[in-house]
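Asks: For reference, the chains in residue letters:
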Amino acid sequence: MSLLDVKNLTLQFKTDEGLITAVDDVSFSLNKGEVLGLVGESGSGKSVTAKALMKLNASNVVYGDNSQITLNVEGQAVDVMALRRPRDLRVVRGGAISMIFQEPMASFAPAISIGKQMVEQLLIHTDLSKAQAKELSIEMLDRVGITEPATRFNQYAFEMSGGMRQRAMIAMALSTKPKLLIADEPTTALDVTIQAQVIDLMKDLVAEFQMGIIFITHDLGVVAQTADKVAVMYLGRIMEQGPVRDVIRTPAHAYTRGLLNALPKLDDLDAPLMPIPGDIPSPLERPSGCVFHPRNPELRPGSRYEVERPPLTEVRPGHFAALFPEDVAGES
Amino acid sequence: MSEPLIKTQDLRVEFPIGGGVFNRRVMTAVDGVSLEIPKGSFFGVVGESGSGKTTLGRALLNAVPIASGSAHYDDGELQLDLANMSPKELKAYRRRAQLIFQDPYAALSPRMTVRDIIAEPIEIMKLTKSRAETDDRVREIAAKCRLNLEHLRRFPHAFSGGQRQRISIARALACGPQFVVADEAVAALDVSIQADILNLLKSLQRDLGLTFMFISHDLSVVAHTCDHVAVMYRGKIVESAPTRELFANPRHAYTQKLLSAIPSLEIAD
Ligand SMILES: Nc1ncnc2c1ncn2[C@@H]1O[C@H](COP(=O)(O)OP(=O)(O)OP(=O)(O)O)[C@@H](O)[C@H]1O
Ligand SMILES: Nc1ncnc2c1ncn2[C@@H]1O[C@H](COP(=O)(O)OP(=O)(O)OP(=O)(O)O)[C@@H](O)[C@H]1O
Ligand SMILES: [Mg+2]
Ligand SMILES: [Mg+2]
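Residue numbers (UniProt numbering), protein chains in the order written: chain A, 1 to 332; chain B, 1 to 269.
Treat the hints with care, since some could be wrong.
As the list claims (entries may be wrong) - Chain B residues, not near chain A, derived (Cβ > 10 Å throughout):
hint, residue
1, Y93
2, R95
3, Q205
4, K257
What the hints assert, rightly or not - The list that follows gives simulated cross-link-like pairs (lysine-lysine, DSSO-like), each with its CA atoms no further than 27 Å apart:
hint, chain 1, residue 1, chain 2, residue 2
5, B, K202, A, K265
6, B, K257, A, K265
7, B, K257, A, K203
Hint data in this document are derived by calculation from the structure and do not stem from the laboratory. A virtual CB, placed ideally from N, CA and C, is assigned to each residue, including glycine.
Please construct the entire structure, taking both the sequences and the accompanying hints into account.
Replies: Rendered as C-alpha cells:
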C-alpha cells in the first residue's frame, strides 16, 4: 500500500479578478521510503499542491469535487480532504506530515527563540520530556551542520544567517520523525557543501525510518542526486513523470528538455544562458489545449496541442509524458 | 581596470550576543574586509553559510553599523565616507545604492498595484515633479525590465515568481541607482527564469553602467555572470580573483571544496 495517494487534485483560488486555477487534475503517489522530486517553473503549482496535503492553503482556496488525498499511516487510511476539526488536522499538520516551508523567515515566530519553538513542537507531537526535547533539538541542529548548536538554540530567527535559518527549519521538521516530509525548496539558501550534508541527512532518515519525502526544488542537479522519481509541473499540470534517471537522461517532453537546457554549464563559461523562450502566462489567462503550447518551440502552428489537451501517455515503463500517443510511438 | 566605486579597508561589523547588558559579548560577522569593487563591474561574493556575505552587503548599504575600518563610495560625482555620513549625504546615498531581495513574495506589498510598487521610491524621494512624470518614468523602467505595460494596474498575486522578481528589480532601479547589492536575488527562481533574470541584470550592467555586488551560493551562476569573485570564510575574504582565474585555479581549501561539491546531473548506476 502506498503512503500517499493523490488523485485528480484540482485547486483554484477566488480573487478579485476572477477564479485562478493553480492545480488542474493532478495525480501521483508515494511509497514509504521513497523520495519524489517535484520540479517546474515558478507558479506551476508546486507549493500549493504540497500545502493541500496538510490543508494549509489560504482561505480563498476552492478544491475540485473529485480531488482525493489519502494518507496511509499505521494501518489506517486518512481521507485528508474530509478533515475539518483542528484536532483531526493535527495528524497531517506536524504529526504524520512535517513541512519545510519555502520562506524560512515566515515559519519562525520572530519573538520566540528557535530552540523554544523546536521544543514546543516536540512536546505537542511526541512523548518526550522537556529535557529530552531540548537534547534532541540541539542534536538535530548539530546534524544539519550548525556549529555551536547549544548557543544557536537560544537565538532568534533574525540573528541567524539565511542558510542557518533554513537549516534550523529542516532540523525542526525532521525532529518529530514524520512519516511524510514535505520539503519546499529546502536548500535554496545553502551552498553546495552544506547542501550535500543536508541531503545526506535526509537520505539517512529515509533509510532509518522509512520516511517518504516530497522534495520540491527548481534544481535538477539536486533532484538527480536525491529523488527516486520525479514529476515535472507547469501551470498546474503534470507534464512528465517517472523514474528520475529515465526522465533526466531521456526527457520525453519539450518542457523538461527546456528546463535541462537552462541549467548553467560549468564546462563552458562562454555558453549563453538559455531560458525557455516566452513568458509564463498570467494565471488568469490559461492557454487552451496543452498549457505549454505557446512556448513550445518544437510545435508547428496549427498543431493538435493548441486545442486539445494531451493525456499522460506511457513513454517507457513507469515513465509518462503529456503527449499524444502518435508522438510517443516514434521514440525508443 | 576602472576606478573602484566601493573601497573598504579593514572593515568590521559586530553583533552583540547573549542578552546580558553588563557582560556584553560580541560576535564579529565581518572581520577585517578590504576590497575594491570596480565601477561598472559584476562583483560576485560567495562563501559558506554564515560567513558574513549578507552582513557585508548590508554594511555597504548602511543598513548595519560599521564597527571599525573604513568604506568609501566614489562614483565620480559624489564621494562618501560610508562610515560617517551626514543625514543629507545618507539621503543622497539611498538614491544611489539599492538592494534586490532574495524573496520576491515577501518584498512586494499585496495591496499595491505594480505601478505603485515601482513608483513608491520615486515618490518618497521626490524625484519627479508631477504624477505624469512619475508615470513616464515607471513605464520606462518597466519596459527595460521587460514587464508588460498593460499589467501595471494589476496586483502582484496575479504574477508568476519570475515576473514578480522583475517587478522588484524595476522597483530597485526606479531611483536610478549606481550600485546594486543583489543578495541571493535569483536563488529562489527556477533555472529558466533565473537565466532570463541574469541576462537582464547583465544587460543593465552593460547598457547603464551599473555596478553589482552579486551575493550567491551558486557557483555555476557566479561563473556565468560575474567578472570578479571574492570568497568569504568566517568573516574574512580568503580569496579574490577574476572569475576565470578563480575557477581554473582555486587556491583556498574552501574554494576547492565548493567547486568539487556541485551536484551534477550524472546519476550513478
Ligand atoms: N492565496 C492565493 N490567492 C490567489 N492565487 C494564489 C494564492 N496562492 C497561490 N496562488 C497562485 O497559485 C499559483 C501556483 O502557486 P505556487 O506557489 O504553488 O507556485 P510554485 O510552483 O510553488 O512556484 P515557485 O517556484 O515560485 O514557488 C500561482 O499562480 C500563484 O500566484
Ligand atoms: N541581526 C543580527 N544579530 C546577531 N547576529 C547576526 C545578525 N545578523 C547576522 N548575524 C550573524 O552574523 C553572521 C553572518 O551572517 P550573514 O547573514 O552575514 O551570513 P551569510 O554569509 O549571508 O550566510 P547565508 O549564506 O547563510 O545567508 C552569522 O553568524 C549570523 O548569525
Ligand atoms: Mg513554491
Ligand atoms: Mg545571507
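Asks: If a hint holds in the structure, say so; if it doesn't, say that too.
Replies: Consistency of the hints with the structure:
1. Y93: holds, 24 Å
2. R95: Answer for B/R95: holds, closest chain A Cβ roughly 27 Å.
3. Q205: holds, 14 Å
4. K257: violated, 6 Å
5. B/K202 to A/K265: Given that 27 Å is the threshold and the Cα spacing comes to 17 Å, the pair holds.
6. B/K257 to A/K265: holds, 18 Å
7. B/K257 to A/K203: At roughly 21 Å apart (the allowed maximum being 27 Å), A/K203 and B/K257 satisfy the hint.
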